[in-house]
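Spelled out from the first residue to the last, the chains are:
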Amino acid sequence: MSTPAPTDRLSRQEVAHLARLARLAVTDEELDLFAGQLDVILRAVARVREVTGEDVPPTTHAVPMTNVMRPDVVRPSLPRDVVLSQAPAAEGDRFRVPRILGEEA
Amino acid sequence: MTDRLVDFDEVLTRYEPLIGLETHVELGTASKMFCGCATTFGAEPNTQTCEVCLGMPGSLPVANAAAIEATIRIGLALGCRIATWCRFARKNYFYPDIPKGFQTSQYDEPLCTAGHLDVEVDGETYRIEIERVHLEEDTGKNLHVGGATGRIHGADHSLIDYNRAGIPLVEIVTRPIPLTGAKAPEVAKAYVTELREILLALGVSEVRMEQGNLRSDVNTSLAPIGSLEWGTRTETKNVNSLRSVERAVRYEIRRQAAVLDAGARIVQETRHFHEDTGSTSPGRSKEEATDYRYFPEPDLVPIAPDPEWVEKLAAGLPELPAARRVRLREEWGLSDTEMAWLVNAGALGLVADTVAAGASPSDARKWWLGELARRANDAGQELTELPVTPGQVAELTRLVAEGTVNDQLARQALDGVLAGEGDPAEVVQARGLAVMGESDELVSAVDAAIAGAPDVVAKVQGGKVQALGALVGAVMKQTRGKADAATVKRMLEERLLG
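Chains as they are written, first to last, in our numbering: chain A, -9 to 95; chain B, 32 to 529.
Keep in mind that the hints were calculated from the coordinates and are not lab data.
Simulated DEER-style distance windows between Cβ atoms: (1) A:Gln3 - B:Glu350: 53 to 59 Å; (2) A:Thr50 - B:Pro338: 18 to 24 Å; (3) B:Arg296 - A:Val58: 45 to 51 Å; (4) B:Asp40 - A:Val58: 53 to 59 Å.
All of these numbers come straight from a predicted model, not from anything done at the bench.
Backbone N, C-alpha and C fix where the C-beta goes; we use that ideal spot for every residue, glycine too.
The shape of chain A in the complex, shown without the other chains:
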């Protein structure tokens, strides 16, 4: 899970690919704009590397905690009408979503 070394500039193609994965419609002008902006962010974050040494392991958590677990005990779920009221669309007892393309299930 290493971040790519930011030696090269983030390309338009990479931004277009990320936009597609994130289901974002991005115009050509925006591709240039975001590629530039994201590049600045990546470079800023990459500066952290300059101050870390071999003796500092990468971390994902600010607090050095492990093994936070809960016992296997059932707690009440939310009422269905409350749950379904949060959805953009529901039908009967279920969430309703637009048709799913691209996969034969």
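Since chain A is already given, all that's left is putting chain B on it; use the hints.
Chain B alone, transformed into the frame defined by chain A:
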């Protein structure tokens, strides 16, 4: 669409198959992986969800200790190394079966790695290397509306039940399994069968395949014999019966051979298995789907299993199926071949349970491998799917041993049990199947047989005792099989020779 297929045996003269399996197991915890919602199967849609498993902003997951423990025990049973430190990761993708926009899974830091499982096919042992065992969460269930029922093709929208979303799911991944040759389909089935037995022994999952507790993705590829490189593989998803695992591998081997023979290339893709036709068809293409942008889950802290805890779990593992087979084989005095029949028929656990319920090992084997195996085969079912319990089979053997019914009547009693008419004793009573004692009815049937065949009687009395068989047969016919043949023979002997 009909695929062109090459005859299976012919494929093996030219190609070497390589298989691999990814098996998903829903753990049998009471609550979900990261929240306290219940996991009851068959509950009303969307009644077992909350802000955590629906991925509401601001909600925080907390790992279920029982699920972590179960995963470690699975790893230990498979001889895996247990991680001393590992993390959950987000697997990002948009698909409505996951409400969060990502599945909480594990990526490059699985809980368990580098194990193995030995399986036996036709007396040959195959070592299946286990690459990893990791913990993740199950997804919701889609119901596609419009178009052909339940199919995504032509559907105009989908309805979703998130009860299953967030149930702890263990993924067990094998390394590629080489050099299985013509046995590839059976090795795949034997692996899933043995894995299922282990999970049952551990008590970590109900492993009901028909309820989707255990689903296997089957990877298959072919390479020309002698080739140094493996071919492109396909991944057949969610194969959810033991028979289907074997059928899916066999089908893919035959289909891929036809593609390669035609000079075409195998496309790396996900395929779906169809139970009705035993065929596979292409699913979503893989290239983009694999771009999951995994990253460590920031809302869950790392898991660092205490080595002492792991040791304690290892010491507390139950007797595993392989050891149990050795013990039972010795206790029952069976040969390796007899034992293999039992195992291959999927009858070992059933026979063991039947013996535990009071039947003799030989009676239990006789019923499960004989009458019951025949009926399962006729119905295209596994033995375990037959609607009869080991306790009921044991009761049947007891009724035979006590002389309440003979074998033929016992089979009729079994008909009733399978038809849902109750336990064997109830069926015997309700259908009037009990063997006739020396009742007036039987006495008059004997009288009638003697009166009806004076020539046979003469033979018997003249010293040809074998001729008695014809009279016994006549009585049995008269009583529609309800008499006990030994009793009838004795009565005839008393009357004619006594």
